[in-house]
Amino acid sequence: MRILTHNMLCCLKCDSFPLKIVAVNKEQDEQDENPEFIKHMLDRLDYDALKSAAKDLSIEGLPDALPENVAENQAALTSLHKLLLEVVVKDGELQCTNPACNRSYPIKQGIPNMVLREDEVKIKAV
Amino acid sequence: MLAIGCAILGASRVTGIDVDPDALDVAKHNIMECGVHDTIDLIQIDAQSFEDTIKARLIKKETDNEGLNSNFKKKHPKNMFDTVVLNPPFGTRIKGADMQFLKIATELTNKAVYSLHKTSTREFVTTKATQWGFSVEVVAELKYDLEKSMSFHKKVSKPIEVDLIRLTRISMNKRIKNANEPGVSRDLSSQKLQAKRVVVKTEKKRSMFK
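Top to bottom, those sequences are chains A and B.
By our numbering, the letter at position 118 of the first sequence is numbered 118, and the numbering carries on one by one without gaps.
Heads up: take any position in the second sequence, counting from 1, add 126, and you land on our numbering.
Isolated chain B, as found in the complex:
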C-alpha cells in the first residue's frame, strides 16, 4: 500500500519489500488495480536481509573502485534509495522492533525516511534519530483504532496516538565515511546480529522510493 502511494505521488521508481508472500500477492493485485505496475518492483525479503544485500553490494563497489586508476575512481558509491517509507510494527510482542526497522531504514536511504511511531515514544525516537545523524519532523498526528488483533492484547479496542514522522539526513559524509572504515563496518555487523534474531520474523510492510 505504501509502495502504491509512493508511485501515485510521483516517485520515479519504487521497490516494495515484504517477507510474507500473501501480503505480496495482495500488493501485486492492488498494483495492477491502480495501474502503477510500471513503477514498482516487489521483492520477497525481510528488512534485515535487504539491508545486508544493499550493504554487501556497496562494499563490493568500493573495493572494486580501489583497484582502478585514480582517474576512474568514482567518489563513494551512492546508496540506491533516496527515500524509505515504512510502517514498522509497534504494540507487538517484541519491544523495540519499531526502532530496529527505523534503524535499517536510515541505513538504506540517501536522504529521507518516513515512518509511523506511537506518539508516546516521540521523544525517544527523536533522540535516537538525532544520534544517527537525522533531523526529525512530525508531519502528521494520527489516531489509530486498533482492533484486538493479537491474542495477548488485553483490551478489545484501544485507540492509540501515532505520529507520521520525517527523518532527513543531515550529513551524508558521516555515513559514507563510516562505511569506508573497516573497524566501523564491523561494529555495524555486530549490531546487525542483534537485530537479525528478532526482525526476520516480524517483518511488516515497507516500501521505498528511488
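Okay, chain A solo, but in the shape it has when bound:
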C-alpha cells in the first residue's frame, strides 16, 4: 500500500478518516518522477491525511500547510512524489481512530484488507 492509496481510505464502519497506519514492515521503492501526475493530483489529495500518514511513519519535515505555489516548487513536488508513491507499507495495519469503533484493517504483502465481516456491514440510516 502506497500513501496515495492510504489517502482515499476511510473506516468502512464509521467513515472515520484518515486511518492510522501501523507499519510493521515498510520499504522505499524508488521510481522515476512524474511531476505532471503529482500536479494533476494536488487538488484531489487530502493534505491533513497526508500529514497524518507521515507522522504515523515517522517521516518528518512536512509543512503545516501545502505551499501555495507548490506546482512550481520542484523540491516540494519531489518530496510529495517520494512520500506518496515511493513509500510502500508491506505489512502492518490500518486503525480506525474513532474510540467508539477501533476497527483495524490488516495489511499483508502490501494489500490492505478492507472487507468487513457480514455482521459488520452497516445499514446506513437514510
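Hints should not be assumed to be uniformly reliable.
What the hints assert, rightly or not - If we take Cβ atoms under 7 Å as the criterion, some of the chain B residues that face chain A in the derived model are:
hint: 1; residue: 138
hint: 2; residue: 168
hint: 3; residue: 186
hint: 4; residue: 204
Claimed, not checked - Take a look, some chain B residues computed to stay more than 10 Å from chain A by CB distance:
hint: 5; residue: 159
hint: 6; residue: 220
hint: 7; residue: 232
hint: 8; residue: 267
Stated by the list, open to error - Here chain A is said to cover these stretches of chain B; the calculated rule only asks that three of the stretch's residues, wherever they fall, bring their Cβ under 8 Å from a Cβ of chain A:
hint: 9; segment: 144–158
hint: 10; segment: 178–184
I should point out that these hints are in silico values taken from the structure, not numbers from a laboratory.
The C-beta atom is built at its ideal place from N, Cα and C for all residues, glycine as well.
Mind docking chain B on chain A? Use the hints.
Below, chain B alone, put in the same frame as chain A:
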C-alpha cells in the same frame, strides 16, 4: 488483468480492487511478471464499500473546506479517478448485477468508464447511462465462448455477444452539485442500501486509472 492492461497502456497510476484474496494473489503475481508493480496498488475491498469510502472522504473534504476562509476555499474537491475499467458479472444468478457495478463505476470517475456488457442489453445500458449523465459509445463487439461455469447454467457452452463500451461524462457539474446537496446525497445512500445487499458477494475484477 485489467489493471495490468491499464498500466501497460500508459495510465500514470492504477488502483486494482477485488474482494477475493485468491484473485488478488494471482493479480500480484501477474503484476510482478509484467513489471508494472511501480504503477499499481491493490486493495481487497468490494466495489460498494469502495464507493462508500471514496464518497465519505469527498464529503469530509467538502465539509472541511466550508470552515475555511473563502480565499482558501477550494472548488469542489475532485474525485480521485479519471477512468474506471470493469468487467462486471453478467449471466450470473443475480439479475442486474452488471448495472449495479456500472452505476458504482460512474460514481467513481471524473471522466470515463470502460465496461463489458451483453450486446442484448445495449439499449437498456445506453438508456441508463444517458440518465446518469454519460454518453455511450460501443468501442468493440466481442464474442465470448463461456464454458459452463456455474451449476445452474443450462447449456454446456453458449457463445454470447458482448460489447466493450465507453461511457464519457457529459457534465461534471451535475454530479458535484448533487453531492453537495444533502437531500440528494441521502437519496444516494438509499440507493446504496439496495445495491449493497447483492453486490458484496458478487464482486468481480475491477481496476481503475488515476
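* Asked: Honestly, which of those hints from before does the structure not fit?
  -> Every hint satisfied by this model.
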